[in-house]
Amino acid sequence: MEIERLPEELLQVVISLTSPQDACRTAAVSRAFRAAADSDVVWSCFLPRDLPRFGRKQLPRSPLSSKKGLFERLAAQPALLPGKLVSMQLDRVTGAKCYTMSARALRVPSWGDTRRSSRWIHIEIDFITGGKRFSEAAQFLGVRRLDISGKIRSKMLSENTAYAAYMVFKLGERLHRLDFPFQEASVSVGGIQQSTRQVCLQACLNEEEDVVAGAPPYHILPSIVGPSTVTPGEDVVLPRRRADGWMEVELGQFYNEECDDREVSISLTEITSNVDKSGLIVRGVELRASTTCE
Amino acid sequence: MDSTADPKGKRPLYQEDGLAYARAAAAAASATAAAAPDEEEAKPKPKPSSSSEEAKPEPEAEDQAEMPPLVLVAEDGVEVSISRRAARMSHMLRLLMEDSCADGPIPAPNVHSDILDLVVQYCEKHGPYYDPEASERARNPFPPFPVELTPTVSSIKPVTYVDPDPHGLKDWDKDFISLDNSTLFEVILAANYLNIEDLLDLGTTTVADMMRGKKPEEIREIFEIENDYTPEQEAELRKENAWAFED
Numbered sequence: 047m048e049i050e051r052l053p054e055e056l057l058q059v060v061i062s063l064t065s066p067q068d069a070c071r072t073a074a075v076s077r078a079f080r081a082a083a084d085s086d087v088v089w090s091c092f093l094p095r096d097l098p099r100f101g102r103k104q105l106p107r108s109p110l111s112s113k114k115g116l117f118e119r120l121a122a123q124p125a126l127l128p129g130k131l132v133s134m135q136l137d138r139v140t141g142a143k144c145y146t147m148s149a150r151a152l153r154v155p156s157w158g159d160t161r162r163s164s165r166w167i168h169i170e171i172d173f174i175t176g177g178k179r180f181s182e183a184a185q186f187l188g189v190r191r192l193d194i195s196g197k198i199r200s201k202m203l204s205e206n207t208a209y210a211a212y213m214v215f216k217l218g219e220r221l222h223r224l225d226f227p228f229q230e231a232s233v234s235v236g237g238i239q240q241s242t243r244q245v246c247l248q249a250c251l252n253e254e255e256d257v258v259a260g261a262p263p264y265h266i267l268p269s270i271v272g273p274s275t276v277t278p279g280e281d282v283v284l285p286r287r288r289a290d291g292w293m294e295v296e297l298g299q300f301y302n303e304e305c306d307d308r309e310v311s312i313s314l315t316e317i318t319s320n321v322d323k324s325g326l327i328v329r330g331v332e333l334r335a336s337t338t339c340e
Numbered sequence: 004m005d006s007t008a009d010p011k012g013k014r015p016l017y018q019e020d021g022l023a024y025a026r027a028a029a030a031a032a033s034a035t036a037a038a039a040p041d042e043e044e045a046k047p048k049p050k051p052s053s054s055s056e057e058a059k060p061e062p063e064a065e066d067q068a069e070m071p072p073l074v075l076v077a078e079d080g081v082e083v084s085i086s087r088r089a090a091r092m093s094h095m096l097r098l099l100m101e102d103s104c105a106d107g108p109i110p111a112p113n114v115h116s117d118i119l120d121l122v123v124q125y126c127e128k129h130g131p132y133y134d135p136e137a138s139e140r141a142r143n144p145f146p147p148f149p150v151e152l153t154p155t156v157s158s159i160k161p162v163t164y165v166d167p168d169p170h171g172l173k174d175w176d177k178d179f180i181s182l183d184n185s186t187l188f189e190v191i192l193a194a195n196y197l198n199i200e201d202l203l204d205l206g207t208t209t210v211a212d213m214m215r216g217k218k219p220e221e222i223r224e225i226f227e228i229e230n231d232y233t234p235e236q237e238a239e240l241r242k243e244n245a246w247a248f249e250d
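Protein chains in written order, with the working numbering: chain U, 47 to 340; chain V, 4 to 250.
Any given hint could be a false lead.
[What the hints assert, rightly or not] Here are the simulated DMTMM-like cross-link-like pairs (lysine to aspartate or glutamate), alpha carbons at most 20 Å apart as the crow flies:
{"id": "1", "chain 1": "V", "residue 1": "Lys-218", "chain 2": "U", "residue 2": "Asp-96"}
{"id": "2", "chain 1": "V", "residue 1": "Lys-128", "chain 2": "V", "residue 2": "Asp-204"}
{"id": "3", "chain 1": "V", "residue 1": "Lys-218", "chain 2": "U", "residue 2": "Asp-84"}
{"id": "4", "chain 1": "V", "residue 1": "Lys-128", "chain 2": "V", "residue 2": "Glu-78"}
[Said to hold, decoys possible] If the Cβ cut is set under 7 Å, some of the chain V residues that face chain U in the computed set are:
{"id": "5", "residue": "Glu-82"}
{"id": "6", "residue": "Ser-103"}
{"id": "7", "residue": "Phe-179"}
{"id": "8", "residue": "Ile-180"}
{"id": "9", "residue": "Asn-184"}
{"id": "10", "residue": "Val-210"}
{"id": "11", "residue": "Gln-236"}
{"id": "12", "residue": "Leu-240"}
[Unchecked claim] Simulated DEER-style distance windows between Cβ atoms:
{"id": "13", "chain 1": "V", "residue 1": "Leu-182", "chain 2": "U", "residue 2": "Glu-55", "range": "52 to 62 Å"}
{"id": "14", "chain 1": "U", "residue 1": "Asp-290", "chain 2": "V", "residue 2": "Asp-117", "range": "32 to 42 Å"}
{"id": "15", "chain 1": "U", "residue 1": "Asp-307", "chain 2": "V", "residue 2": "Trp-246", "range": "28 to 38 Å"}
{"id": "16", "chain 1": "V", "residue 1": "Lys-173", "chain 2": "U", "residue 2": "Pro-268", "range": "56 to 66 Å"}
{"id": "17", "chain 1": "U", "residue 1": "Glu-55", "chain 2": "V", "residue 2": "Phe-248", "range": "46 to 56 Å"}
I should point out that these hints are in silico values taken from the structure, not numbers from a laboratory. The beta carbon of each residue, even a glycine, is placed where N, CA and C say it ideally should be.
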């Protein structure tokens with residue numbers, strides 16, 4: 047009963063110190079709690095201090111009736127930035143700004159003059175509407191120098207937040223030489239390297255329940271010349287299959303401190319071997335708030 | 004870059020009514036008491052340690068130690084004294100002291116003497132280390148959402164490590180705020196009335212910690228709250244925010 051003596055503004059302060067999930071739960075406690083939990087005061091604290099400018103028609107024309115509504119809109123589905131190459135979505139749990147850079151937003155290796163080597167292909171995307179650029183993926187068929195990179199200004203990200211970068215991709219036709227040599231993935235902020243590792247794009251982590259049942263931790267897809275005999279070591283990061291059928295591999299992690307604007311650069315390269323790599327289809331790079339650290 | 008987030012501070016405004024009431028009461032009490040020595044000359048220059056360009060003179064901590072403590076009067080009539088140095092932690096008392104309205108007894112209506120004792124205890128403990136200007140500077144009007152994420156090992160560390168708890172007060176605070184719910188809320192209300200930001204922060208954070216991660220039924224049990232929803236209304240609410248109730 048005593049908590050009901052608190053004036054509403056203090057209850058709002060208390061709830062704003064919890065989390066979006068807690069605020070939704072406390073709304074179910076009582077009507078008085080709901081009034082506080084749904085208030086703009088609380089959801090202003092959960093929304094990022096700076097939101098990027100969004101493309102036209104991304105947010106409803108009339109101002110959303112509440113901060114909670116705005117949070118909901120931005121957490122439920124991505125919103126395109128002007129130019130439609132990049133989208134942003136709020137992480138429901140932390141309120142952190144998460145970004146997806148479409149393949150068109152990335153710098154991909156110059157594809158040379160042979161049309162057979164690489165091209166843009168159309169992919170089915172149903173999570174974003176009006177994004178013609180997002181419905182294109184980069185398909186690599188015979189590239190000697192694999193050098194994919196994406197950049198984003200750190201001021202666009204949430205402060206004091208740990209992020210992980212993922213490349214979203216598929217292995218398609220004419221799969222060749224993505225198992226070895228291992229690719230180099232790295233993340234740098236302001237020119238200083240934060241994280242570097244090796245990845246093996248042709249491998250795939252097996253589902254946890256299968257591993258528990260006795261299956262090996264990963265498998266390697268066969269290439270056009272036959273099964274692979276490569277065994278990636280413990281420190282090589284392997285891709286996993288996503289719910290939407292695409293693969294993703296963690297390229298690196300970094301911590302976005304509260305400081306001046308720096309350039310975050312994420313890259314995947316394989317430039318040491320002299321063979322043509324083939325069969326990689328890149329959909330984009332995602333930057334998500336991470337809750338684990340290495 | 005347009006900001007679509009409303010930069011609304013989340014601190015409650017300090018009670019204008021409470022301050023005016025206290026001022027009037029203090030002035031009336033002082034007028035009937037023996038004429039206090041003229042403190043105009045005693046009001047010294049601004050603190051040399053302060054780096055702000057604040058022109059308003061603030062009594063030195065050392066001088067304050069010589070001045071008599073303030074007297075607060077609880078709702079049950081009991082008088083509780085608080086040193087001037089500790090009283091600085093209360094924005095309301097600080098203003099009264101600056102306006103020289105703090106010589107007589109200062110009423111603290113709706114605050115029981117037991118609670119007032121606790122509040123004074125907190126201020127006396129923190130008072131020696133309290134710097135109002137530093138507190139204002141540190142008090143970010145747009146506090147970042149408290150994201151509990153640990154930085155990666157490879158992240159850039161600041162060159163100078165600033166100890167967030169140089170005087171070891173965190174443990175003392177933790178013991179201090181281990182109160183039963185009833186007392187905790189009374190302390191919060193008193194801190195709100197007297198406008199003691201740090202104590203208010205401590206109290207609200209403690210309550211938030213008690214609520215975090217709990218289901219609605221658990222919260223109702225902890226704080227003895229009556230559920231005034233019908234089962235249908237509650238089910239609807241849970242459906243609307245289904246993701247929040249997943250685990």
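* Asked: Between Leu-182 (chain V) and Glu-55 (chain U), does the beta-carbon spacing fit 52 to 62 Å?
  -> violated, 22 Å
* Is the hint on Glu-82 (chain V) kept, meaning its closest Cβ partner in chain U is under 7 Å away? -> Nearest chain U Cβ about 24 Å off; hint violated.
* Asked: At a threshold of 7 Å, is the proposed contact between Ser-103 (chain V) and chain U supported by beta-carbon distances?
  -> With a minimum Cβ separation of about 30 Å from chain U (threshold 7 Å), the hint on Ser-103 (chain V) is violated.
* May I ask you to test the interface hint for Asn-184 (chain V) with respect to chain U, counting a Cβ-Cβ separation under 7 Å as satisfied? => The hint holds - Asn-184 (chain V) has a Cβ within 7 Å of chain U, the shortest such distance being about 6 Å.
* For the range 56 to 66 Å, tell me whether the beta carbons of Lys-173 (chain V) and Pro-268 (chain U) fit it or not. => Holds, at about 58 Å.
* Interface hint status, Val-210 (chain V) versus chain U (Cβ within 7 Å) -> holds, 5 Å
* To do: Could you grab the alpha-carbon distance between Lys-218 (chain V) and Asp-96 (chain U) and see if it respects the 20 Å cut-off?
  => Measuring from Cα to Cα gives roughly 31 Å; hence the hint is violated.
* Hint check: is the beta carbon of Phe-179 (chain V) less than 7 Å from a beta carbon of chain U? -> violated, 18 Å
* Asked: Do the beta carbons of Asp-290 (chain U) and Asp-117 (chain V) sit within 32 to 42 Å of each other?
  -> violated, 60 Å
* Outcome for the supplied range 46 to 56 Å, where the beta carbon pair is Glu-55 (chain U) and Phe-248 (chain V) -> violated, 27 Å
* Asked: Taking the least C-beta to C-beta distance, is Ile-180 (chain V) closer than 7 Å to chain U?
  -> This hint is violated: Ile-180 (chain V) lies away from chain U, its Cβ roughly 14 Å from the closest one there, beyond 7 Å.
* Are the Cα atoms of Lys-128 (chain V) and Glu-78 (chain V) separated by 20 Å or less? -> Outside the cut-off at roughly 24 Å; violated.
Consistency note: the structure conflicts with the earlier hints numbered 1, 4, 5, 6, 7, 8, 11, 13, 14, 17.
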